[in-house]
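Asks: Using the hints, position chain B against chain A.
Number of protein chains: 2
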Amino acid sequence: MRTSKYLLSTLKETPNDAEIISHQLMLRAGMIRKLASGLYTWLPTGLRVLRKVENIVREEMNKAGAVETLMPVVQPSELWVETGRWDKFGPELLRIADRHDRPFVLGPTHEEVITDMVRNEVKSYKQLPLNLYQIQTKFRDEVRPRFGVMRSREFIMKDAYSFHLDKESLVETYETMHQAYCNIFNRMGLDFRPVLADTGSIGGSGSHEFHVLAESGEDLIAFSTESDYAANIEKAEALAPATERAEPTMEMTLVDTPNAKTIAELVEQHGIAIEKTVKTLFVKASDEVEADLIALIIRGDHELNEIKAENLSCVASPLEFATEDEIRALVNAGPGSLGPVNLPVPFIVDRAVAVMSDFGAGANIDDKHYFGINWSRDVELGQVEDLRNVVEGDPSPCGKGTLMLKRGIEVGHIFQLGNNYSESMNASVLGPDGKNVIMEMGCYGIGCTRVVAAAIEQNNDENGIIWPDAIAPFQVSIVPMNMAKSEEVKEAAEKLYADLTAAGIDVLFDDRKERPGVMFADHELIGIPHTIVIGNRSLENGEMEYKDRRAGTKEGVAVTDIVEFIKQKLAK
Amino acid sequence: MRTSKYLLSTLKETPNDAEIISHQLMLRAGMIRKLASGLYTWLPTGLRVLRKVENIVREEMNKAGAVETLMPVVQPSELWVETGRWDKFGPELLRIADRHDRPFVLGPTHEEVITDMVRNEVKSYKQLPLNLYQIQTKFRDEVRPRFGVMRSREFIMKDAYSFHLDKESLVETYETMHQAYCNIFNRMGLDFRPVLADTGSIGGSGSHEFHVLAESGEDLIAFSTESDYAANIEKAEALAPATERAEPTMEMTLVDTPNAKTIAELVEQHGIAIEKTVKTLFVKASDEVEADLIALIIRGDHELNEIKAENLSCVASPLEFATEDEIRALVNAGPGSLGPVNLPVPFIVDRAVAVMSDFGAGANIDDKHYFGINWSRDVELGQVEDLRNVVEGDPSPCGKGTLMLKRGIEVGHIFQLGNNYSESMNASVLGPDGKNVIMEMGCYGIGCTRVVAAAIEQNNDENGIIWPDAIAPFQVSIVPMNMAKSEEVKEAAEKLYADLTAAGIDVLFDDRKERPGVMFADHELIGIPHTIVIGNRSLENGEMEYKDRRAGTKEGVAVTDIVEFIKQKLAK
Numbered sequence: 001m002r003t004s005k006y007l008l009s010t011l012k013e014t015p016n017d018a019e020i021i022s023h024q025l026m027l028r029a030g031m032i033r034k035l036a037s038g039l040y041t042w043l044p045t046g047l048r049v050l051r052k053v054e055n056i057v058r059e060e061m062n063k064a065g066a067v068e069t070l071m072p073v074v075q076p077s078e079l080w081v082e083t084g085r086w087d088k089f090g091p092e093l094l095r096i097a098d099r100h101d102r103p104f105v106l107g108p109t110h111e112e113v114i115t116d117m118v119r120n121e122v123k124s125y126k127q128l129p130l131n132l133y134q135i136q137t138k139f140r141d142e143v144r145p146r147f148g149v150m151r152s153r154e155f156i157m158k159d160a161y162s163f164h165l166d167k168e169s170l171v172e173t174y175e176t177m178h179q180a181y182c183n184i185f186n187r188m189g190l191d192f193r194p195v196l197a198d199t200g201s202i203g204g205s206g207s208h209e210f211h212v213l214a215e216s217g218e219d220l221i222a223f224s225t226e227s228d229y230a231a232n233i234e235k236a237e238a239l240a241p242a243t244e245r246a247e248p249t250m251e252m253t254l255v256d257t258p259n260a261k262t263i264a265e266l267v268e269q270h271g272i273a274i275e276k277t278v279k280t281l282f283v284k285a286s287d288e289v290e291a292d293l294i295a296l297i298i299r300g301d302h303e304l305n306e307i308k309a310e311n312l313s314c315v316a317s318p319l320e321f322a323t324e325d326e327i328r329a330l331v332n333a334g335p336g337s338l339g340p341v342n343l344p345v346p347f348i349v350d351r352a353v354a355v356m357s358d359f360g361a362g363a364n365i366d367d368k369h370y371f372g373i374n375w376s377r378d379v380e381l382g383q384v385e386d387l388r389n390v391v392e393g394d395p396s397p398c399g400k401g402t403l404m405l406k407r408g409i410e411v412g413h414i415f416q417l418g419n420n421y422s423e424s425m426n427a428s429v430l431g432p433d434g435k436n437v438i439m440e441m442g443c444y445g446i447g448c449t450r451v452v453a454a455a456i457e458q459n460n461d462e463n464g465i466i467w468p469d470a471i472a473p474f475q476v477s478i479v480p481m482n483m484a485k486s487e488e489v490k491e492a493a494e495k496l497y498a499d500l501t502a503a504g505i506d507v508l509f510d511d512r513k514e515r516p517g518v519m520f521a522d523h524e525l526i527g528i529p530h531t532i533v534i535g536n537r538s539l540e541n542g543e544m545e546y547k548d549r550r551a552g553t554k555e556g557v558a559v560t561d562i563v564e565f566i567k568q569k570l571a572k
Numbered sequence: 001m002r003t004s005k006y007l008l009s010t011l012k013e014t015p016n017d018a019e020i021i022s023h024q025l026m027l028r029a030g031m032i033r034k035l036a037s038g039l040y041t042w043l044p045t046g047l048r049v050l051r052k053v054e055n056i057v058r059e060e061m062n063k064a065g066a067v068e069t070l071m072p073v074v075q076p077s078e079l080w081v082e083t084g085r086w087d088k089f090g091p092e093l094l095r096i097a098d099r100h101d102r103p104f105v106l107g108p109t110h111e112e113v114i115t116d117m118v119r120n121e122v123k124s125y126k127q128l129p130l131n132l133y134q135i136q137t138k139f140r141d142e143v144r145p146r147f148g149v150m151r152s153r154e155f156i157m158k159d160a161y162s163f164h165l166d167k168e169s170l171v172e173t174y175e176t177m178h179q180a181y182c183n184i185f186n187r188m189g190l191d192f193r194p195v196l197a198d199t200g201s202i203g204g205s206g207s208h209e210f211h212v213l214a215e216s217g218e219d220l221i222a223f224s225t226e227s228d229y230a231a232n233i234e235k236a237e238a239l240a241p242a243t244e245r246a247e248p249t250m251e252m253t254l255v256d257t258p259n260a261k262t263i264a265e266l267v268e269q270h271g272i273a274i275e276k277t278v279k280t281l282f283v284k285a286s287d288e289v290e291a292d293l294i295a296l297i298i299r300g301d302h303e304l305n306e307i308k309a310e311n312l313s314c315v316a317s318p319l320e321f322a323t324e325d326e327i328r329a330l331v332n333a334g335p336g337s338l339g340p341v342n343l344p345v346p347f348i349v350d351r352a353v354a355v356m357s358d359f360g361a362g363a364n365i366d367d368k369h370y371f372g373i374n375w376s377r378d379v380e381l382g383q384v385e386d387l388r389n390v391v392e393g394d395p396s397p398c399g400k401g402t403l404m405l406k407r408g409i410e411v412g413h414i415f416q417l418g419n420n421y422s423e424s425m426n427a428s429v430l431g432p433d434g435k436n437v438i439m440e441m442g443c444y445g446i447g448c449t450r451v452v453a454a455a456i457e458q459n460n461d462e463n464g465i466i467w468p469d470a471i472a473p474f475q476v477s478i479v480p481m482n483m484a485k486s487e488e489v490k491e492a493a494e495k496l497y498a499d500l501t502a503a504g505i506d507v508l509f510d511d512r513k514e515r516p517g518v519m520f521a522d523h524e525l526i527g528i529p530h531t532i533v534i535g536n537r538s539l540e541n542g543e544m545e546y547k548d549r550r551a552g553t554k555e556g557v558a559v560t561d562i563v564e565f566i567k568q569k570l571a572k
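First to last, the protein sequences are chains A and B. Using my numbering, the letters of the first sequence map in sequence onto residues 1 to 572. Using my numbering, the letters of the second sequence map in sequence onto residues 1 to 572.
In short, the hints are calculated from the structure, not lab data. Some clues are possibly wrong.
One copy or two, it doesn't matter: identical chains are merged, so the pair holds either way.
Derived lysine-lysine pairs resembling DSS-like cross-links, with alpha carbons at most 30 angstroms apart [as the list claims (entries may be wrong)]:
id, residue 1, residue 2
1, 126, 485
2, 126, 495
3, 63, 567
4, 5, 569
5, 490, 123
6, 495, 567
7, 63, 569
8, 547, 572
9, 34, 12
10, 567, 547
11, 276, 400
12, 554, 572
13, 5, 126
14, 567, 5
15, 513, 5
16, 276, 261
17, 485, 123
Same shape as in the complex, but just chain A:
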């Protein structure tokens, strides 16, 4: 590609409304432009990256035996009514009406459509397993679209759905997809981790997320220092402490704490160690419990894991915290003064709290705490569960090493759906014994547009993006110095452009009449991994200058060797 025939559209200034680095750099590098909130046009440079991402995904899906299909963006409401998601899905599901006022949705996902298709087309277990995928535009009406294409309303996903006679076959395809995802992100040159994910209300027996590691990631991932174990913090189990609970050494005393509304204030004003305090949080109870509210008790320095709490059968789903009014109606104390002693509602104790002794907690009387509380002696322990987020240094649930935490950006998710959709839509096949069997399903997503942003979050410096070769908009750029004045430079640049292009390499030939500094800045911003500078002086020595974007190094390369040199670089 010649820059003169291209729409480069780089920006010098960082746009004001872009918060995260990938959004800033995608705007500055001329990759995307905002059309409206959460809606982006992909300019040529952005689209080149996106297409490379899509192609890698497509090739690896095909290799893994998945078959490509393409479903409509616009879906009839009937199917969503059938699975119950017409009601359950929030306003992220954009509901529209056509000219005849018939209800449709803009598809955020395609479980309904594919299950409908497969129940019509697949009649016998002999046609299974079947794994169908598409790479397609989706719409999710986010309440606050932000971070550019990281959380946009219209986006491109690869979504695959597999169908099986039994769980064993599902697990087999799930594992094939797990490997395919690893191949995909490896080929893209990204530092990523497959991590155990919560399966939430859908249930199902297994789920992994694929995260690109980046400090700006929204998700926290817990890793073992000594094994492959990795899990989203939502899912990572906090093991019960190996230590026994110590014997009481203090009497329980009621203390006036008029200014201690928070754990931090309590610790500061009363000299108690934070590890000797607990937080008591009230949430709505499920129908399983007679009470309306239920209390969750965690150590003062720990954080409640809302997913773990929500997954408890006694807690209402989705998780909902009680208001102060609701609490006062039962306890006669405010949120700053709650605790297990004399608590008139059922409570659940975190594993770490269960081994505490001589600890402090609210007295369920405003402005008062008990210090020196001990389980059994002062209050019955009751139900113990894993309620908290793990912290660095916790023992790994795999049994090896301790946990450390890193931030990640979720770019893929694989899921053993089981028969959630197939059951409600009655998607069955004739089994080997001639009886109808509801199919088992898996689903497997990759956010193609999001991968582009995540790759940038992981690969950038103060000058711009640093693309891995496999997804760079151009693998190589040519910067001719003063081409207008030097016939030699022009000739050498044209020849190199022709030779590299003939070798199947994506080249940006910067034939603009710009100063070299402008060209260098643009190419660094766009993140082209390999640049060849052609100038009169080096040509006289039979050389061109090679610049490595990632290493930040330069070297002279003989003109006669340059094509082979670049091929070698790209083969790595």
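Replies: For chain B alone, kept in the frame of chain A given last:
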């Protein structure tokens, strides 16, 4: 691809609701399935064809210097208000509201979005010309979607938009696109014609449609028998007859014609030649004319060309025929008794009518006609225009040969837009003299999904589809006979599959346990151009059997030559 791992989904029966052959065959061949009215899922076989179509389009667009981009499906209403199309576009434009009740449209086309993008990104004439394209999902809320993907609501288009400093540059890119389109449809192996098209109300100086020729086509195309001239019948000029008007030989007489409400009845009941009759049609006049209605007079055996009529400055656009009440309010006679003599409204005469003599027409009195009418003597001729559709045998407007008519399916359209959009959206650049210049624009569309259906309309027989090699879902299929029982057949088939695949050929290896007849029927239905049959008997002779789908021929080919033989076939 092995059939056992694929979703073939062929149907034996022709579905009831499919009217045209391509729709029937796409359903039967397992290419598409209807999700809802005008919404289709592309099954694997259909998508394989669609992707090949898209790739040919993409490669030729890139070669022609166009640059790929990707715009959102969902577009904000503001831009459509800016160009006035928010009001002008009918209910085909699906207007939707997001969760915040902000108005959007599902894009049927992207002139507004691209012009907005270019006016923001392009500041100087030095960045021009620029030709941007996308291959993208579009939505048009057709009142009666039909014919499968031929006229669906959701479809995939390649739409390109070019931007220029001046008309000269626009014409240059227009011609480049004309050539690119010819290359595209040639590469696809389709019999097509670029034809002159009407530029309609948008004006602009030039437009061509690209039609795939097929008897089932909705459009009529006029060709010269002796030149390259081809035009949509909407546009094809009917030249003024070379003959002079003959002198009168009859007196004008008023005749009772109580049962002649139509030309056919008049001819039958009164023995007058149809070429000696005229039809008088009343349409709404434009503001340019003082009258509300205007009459259009054409020969009894000719058809009004509504596009030509609408393009007249004295006729209201869009063309609207007068109701009987509106006519009676002015003429005091009904539509069956109208004519030029004593007509109290202005009228326009077709070129062919202007040379008629001694002709018959309604007398503007119910149940009466005048026979023997002659211009000048009985009524003033007035304005003469080209108002009719050409018919076979008309002289070609190019000056060479006569016209013949064929049916075509419009699959592409190129258009010199001029400054229609750029003016209303104020899309300008700094010109060489430092002054702002409104850009000239062109637009260039190909209906990718429609091409698939059009190709089938042109290439089929009683057994199914006959794909041209370049867009076949599979180029070659392998049919092993009794593979389950013969190790030799299995081995030979597996080896051939591996060898052909290694040669980069798209192969369907039919490894089902089906009778050969079932496999042949499926492969013919799907339209695979080349089939290799492997059986024990021919293997013993060191041969395989090659079947040519299009020619309907078979021949034995030595096992040792088969890969080379297929390569030769595909190279043609």
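Asks: Given identical chains, is residue 567 near residue 5, meaning Cα to Cα at most 30 angstroms, within a copy, between copies, both, or neither?
Replies: within (25 angstroms within a copy, 37 angstroms between copies)
Asks: Go through the copies and call it for residue 513 and residue 5: within, between, both or neither, with a Cα cutoff of 30 angstroms.
Replies: within (13 angstroms within a copy, 55 angstroms between copies)
Asks: I want to check one pair: residue 5 and residue 569. Are their C-alpha atoms no more than 30 angstroms apart within a copy, between two copies, both, or neither?
Replies: Within one copy only: 27 angstroms inside, 38 angstroms across.
Asks: Is it within, between, both, or neither for residue 495 and residue 567, if the alpha carbons may be no more than 30 angstroms apart?
Replies: Classified as within: same-chain Cα gap 16 angstroms, cross-chain 33 angstroms, threshold 30 angstroms.
Asks: Evaluate residue 63 and residue 567 at a C-alpha cut-off of 30 angstroms and name the case that applies: within, between, both or neither.
Replies: both (25 angstroms within a copy, 24 angstroms between copies)
Asks: One pair to classify: residue 490 and residue 123, alpha carbons no more than 30 angstroms apart. Within, between, both, or neither?
Replies: Classified as between: cross-chain Cα gap 27 angstroms, same-chain 65 angstroms, threshold 30 angstroms.
Asks: With 30 angstroms as the alpha-carbon cut-off, assign the pair residue 276 and residue 261 to within, between, both or neither.
Replies: within (16 angstroms within a copy, 103 angstroms between copies)
Asks: Which holds for residue 63 with residue 569 at a C-alpha limit of 30 angstroms: within a copy, between copies, both or neither?
Replies: both (26 angstroms within a copy, 27 angstroms between copies)
Asks: Is it within, between, both, or neither for residue 34 and residue 12, if the alpha carbons may be no more than 30 angstroms apart?
Replies: within (17 angstroms within a copy, 49 angstroms between copies)
Asks: Within a copy, between copies, both or neither: where do residue 554 and residue 572 come within 30 angstroms Cα-Cα?
Replies: within (18 angstroms within a copy, 48 angstroms between copies)
Asks: Checking an output row: residue 485 and residue 123, CA cutoff 30 angstroms. Within, between, both or neither?
Replies: between (72 angstroms within a copy, 26 angstroms between copies)
Asks: 30 angstroms Cα cut-off: does residue 547 pair with residue 572 within a copy, between copies, both or neither?
Replies: Result: close within a single copy only, 16 angstroms intra versus 45 angstroms inter.
Checked against the numbered hints given earlier, the structure satisfies every one of them.
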